[in-house]
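Q: What follows is the residue order along each chain.
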Amino acid sequence: MGQMQEYTTITTKPMLELLSYPFMQRALLSGVIISLVLGWLGTFIISRKMSFIGDGIAHASLGGIALAIILGIAPLPTALVFGVVLAIILFFIEQKTNVSQDAAIGLLFTTSMATGIILMHFHEGYQPELMSYLFGNILAINTTDLWAIGGVGVGVLALLSVFNRQMTFITFDKDGAYLSGISPARYDLAFYIITALAIIVSVKLVGIILVSALIITPSAAAKLVAPSFSAFQKIAMSIAFIMTVVGLVLSYYLDLPSGALIILVGSALFILMSMFKSLKVNRKS
Amino acid sequence: MQKQSISPYIEVKGVTHRYNEVVVLDNVSCTIEKGSITAIIGPNGSGKTTLIRGILGLLSPTKGTITIDGKSPSEMRTHVGYVPQQLQFDRTLPITVNEFLKAYTCKDQKHRYKNITQVLKEVGLVDQINQKIGTLSGGQFQRALIARAIFHEKDILVLDEPSAGIDIEGEQSLYELIERLHNEHGITCIIISHDVAIVHRFADSVICINKRKICQGSPSATITPEVLKQLYGSDAGIYHHHH
Numbered sequence: 001m002g003q004m005q006e007y008t009t010i011t012t013k014p015m016l017e018l019l020s021y022p023f024m025q026r027a028l029l030s031g032v033i034i035s036l037v038l039g040w041l042g043t044f045i046i047s048r049k050m051s052f053i054g055d056g057i058a059h060a061s062l063g064g065i066a067l068a069i070i071l072g073i074a075p076l077p078t079a080l081v082f083g084v085v086l087a088i089i090l091f092f093i094e095q096k097t098n099v100s101q102d103a104a105i106g107l108l109f110t111t112s113m114a115t116g117i118i119l120m121h122f123h124e125g126y127q128p129e130l131m132s133y134l135f136g137n138i139l140a141i142n143t144t145d146l147w148a149i150g151g152v153g154v155g156v157l158a159l160l161s162v163f164n165r166q167m168t169f170i171t172f173d174k175d176g177a178y179l180s181g182i183s184p185a186r187y188d189l190a191f192y193i194i195t196a197l198a199i200i201v202s203v204k205l206v207g208i209i210l211v212s213a214l215i216i217t218p219s220a221a222a223k224l225v226a227p228s229f230s231a232f233q234k235i236a237m238s239i240a241f242i243m244t245v246v247g248l249v250l251s252y253y254l255d256l257p258s259g260a261l262i263i264l265v266g267s268a269l270f271i272l273m274s275m276f277k278s279l280k281v282n283r284k285s
Numbered sequence: 286m287q288k289q290s291i292s293p294y295i296e297v298k299g300v301t302h303r304y305n306e307v308v309v310l311d312n313v314s315c316t317i318e319k320g321s322i323t324a325i326i327g328p329n330g331s332g333k334t335t336l337i338r339g340i341l342g343l344l345s346p347t348k349g350t351i352t353i354d355g356k357s358p359s360e361m362r363t364h365v366g367y368v369p370q371q372l373q374f375d376r377t378l379p380i381t382v383n384e385f386l387k388a389y390t391c392k393d394q395k396h397r398y399k400n401i402t403q404v405l406k407e408v409g410l411v412d413q414i415n416q417k418i419g420t421l422s423g424g425q426f427q428r429a430l431i432a433r434a435i436f437h438e439k440d441i442l443v444l445d446e447p448s449a450g451i452d453i454e455g456e457q458s459l460y461e462l463i464e465r466l467h468n469e470h471g472i473t474c475i476i477i478s479h480d481v482a483i484v485h486r487f488a489d490s491v492i493c494i495n496k497r498k499i500c501q502g503s504p505s506a507t508i509t510p511e512v513l514k515q516l517y518g519s520d521a522g523i524y525h526h527h528h
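Sequences listed follow chains A and B, in order.
Okay, so the first sequence: first residue is 1 according to this note's numbering, each after it adds one.
Okay, so the second sequence: first residue is 286 according to this note's numbering, each after it adds one.
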C-alpha cells in the first residue's frame, strides 16, 4: 500500500509540475489546436494524394521567415502572408497551365526555400529563432504565437465544420460536385490557403522539416481501420491529438526536440495500428 | 417505350473542340428531344465523351454553342445527373455508399438523408448502404452512381458507357434499370455505348459521330451496315447477344 502511495506521488507530481509552467501550457494548448487542424486537413490532403503540399508549404515558409529576420520584423505574420501568396500562385499555376500539381509545388516551394537560404547567407551570426522554425521548439511558443495559432486554428476548424460536406464531395468527385452546384475552384483556392496558414502556424512547434508528418501519419494510420469517411476524420484527429500531447510531454521529460518526438510517437501508433489491422484480417480469414 | 414531347431540348450548334492543336470535335450539330433515350455511338477517340462533357458544362467548346432548354449548360448543371465511365478516385478511401450519396444532399426537404434509403431501394443497392464504395463490384458501383444521379430528381441523365467492365447479365439489368427510371420519372437519357444491340433495344434516337456528325435518327433507320463501316471501318457489322 505504502509502495502504491509512493508510486502515485512520483508520477503525478511531475505531471502537475509540467502543467504549472506557462511555456508548457502554451505548448500544450497550441499543440492541441494544431493537432486537430492538421489531423482534419490531413484526411483531405491524403485523399487528394497531395502529401507533398505539406512539405512544400513548410519549406517555402523559410523564405518568409528569412525575409522577416533580415528586415527585423515578426517572422510568423510575414511567413503567413508569404504562404498565402504562394498558395494563390500555386492555385493559378494549376488552373491556367498544364503543369502538374506536384511539379508546381516542387517548383514554387523550392524556389522560395532557396530564396530563404540566400537571404540567410547575408545575415551574420547564429539564428536561434531560425533553428526553432527548422526543428520545432516548445520553449519558443510565446503568447503572440499562441494567439496566431489559436486564431488560425479556430478559424480553420470553423470553416471545415461548415464546409466539410462540400470539401469531402470535391475530394472524391470534382465533376459530381460541380454538377451539384458547388464551385470546386473556389473551394480548392480556399483549401490551399487554409492549408498554407495551418502548416505555417505549426512549424514553430513541430519544425519545418517534420510538420508534414503531422498531416500524413494520422491519416495514413486512420485509413487502415476507418469504416467510413467520417470515422476516418475522427480517428485521424484523435491520433494527431495523442501523438502531439504524448510527444510534448515526452519532450519535456526527456529534454529532446518536440517535433521529432511528436512524429516518432505517431510512427509508433501507425505501426501498432498496422499490426491491429493485420490481426483483424488474419482472424477473419 | 413511352415517347413524350418532340421539342428539341438540348441543342448542339456547330461545336468544334480542340485539345491544343488536336481537333476532337469538328463542327458537330445535333438535337436531343425531351424525354427521349438518345444513344451516342462512335469509335474510340471520336469525341463522344468530349461532346457530353460539353453538354454537362464541364468544358467549353472552342467554337459553337450548346444549350439546354435555351440556357447554358453551366446554368442547367444542377438539372443533370452524370454517370461517368470511370470515377477517378482512390478506391481505398473509406467512403461508404451512404456517405457517397450524403455528399449530394442539399437544403431541399425531399433530398434529405432519409431519401437515400429510398433511392438505393430503387437501384437495388439498399443492403450495401454501409459498405465502402471501393469494395462494390463494377455493376454495384455503376448502380451507386445512378442512385446519386437520380437522387435529386434530375431532368437529364447522362451515362458514359455505363456497362463498361460489367458482365453481359449485369449490363442487361443495368439498361433495364435505366429504362425503368426513364419510364417512371420521364428523365431524358443520353447514353454513350459501343453496343449496337443495346442501342437498338433501349434507345429511341441515335447520334453517330466520328469527330464529325455522321448521322442522327431512330436506331432502326440510322444504324445501317454503311454507317457502321463509316464509323468503325470495313470489318464492322451487327451481331446479336444470345442469352
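Hints in this document: simulated from the structure, not taken from any laboratory.
Cβ coordinates follow ideal geometry from the N, Cα and C atoms, glycine included.
Be careful, since some hints might not be right.
Okay, the calculated beta carbon distance ranges per label pair [said to hold, decoys possible]:
| no. | chain 1 | residue 1 | chain 2 | residue 2 | range |
| --- | --- | --- | --- | --- | --- |
| 1 | A | 227 | B | 423 | 16 to 26 Å |
| 2 | B | 375 | A | 144 | 50 to 60 Å |
| 3 | B | 375 | A | 158 | 24 to 34 Å |
| 4 | A | 268 | B | 308 | 55 to 65 Å |
Q: Are the hints correct? Go through all of them and say.
A: A quick look at each hint next to the structure:
no.: 1; hint: A:227 with B:423: 16 to 26 Å; verdict: 22 Å, holds
no.: 2; hint: B:375 with A:144: 50 to 60 Å; verdict: 40 Å, violated
no.: 3; hint: B:375 with A:158: 24 to 34 Å; verdict: 27 Å, holds
no.: 4; hint: A:268 with B:308: 55 to 65 Å; verdict: 57 Å, holds
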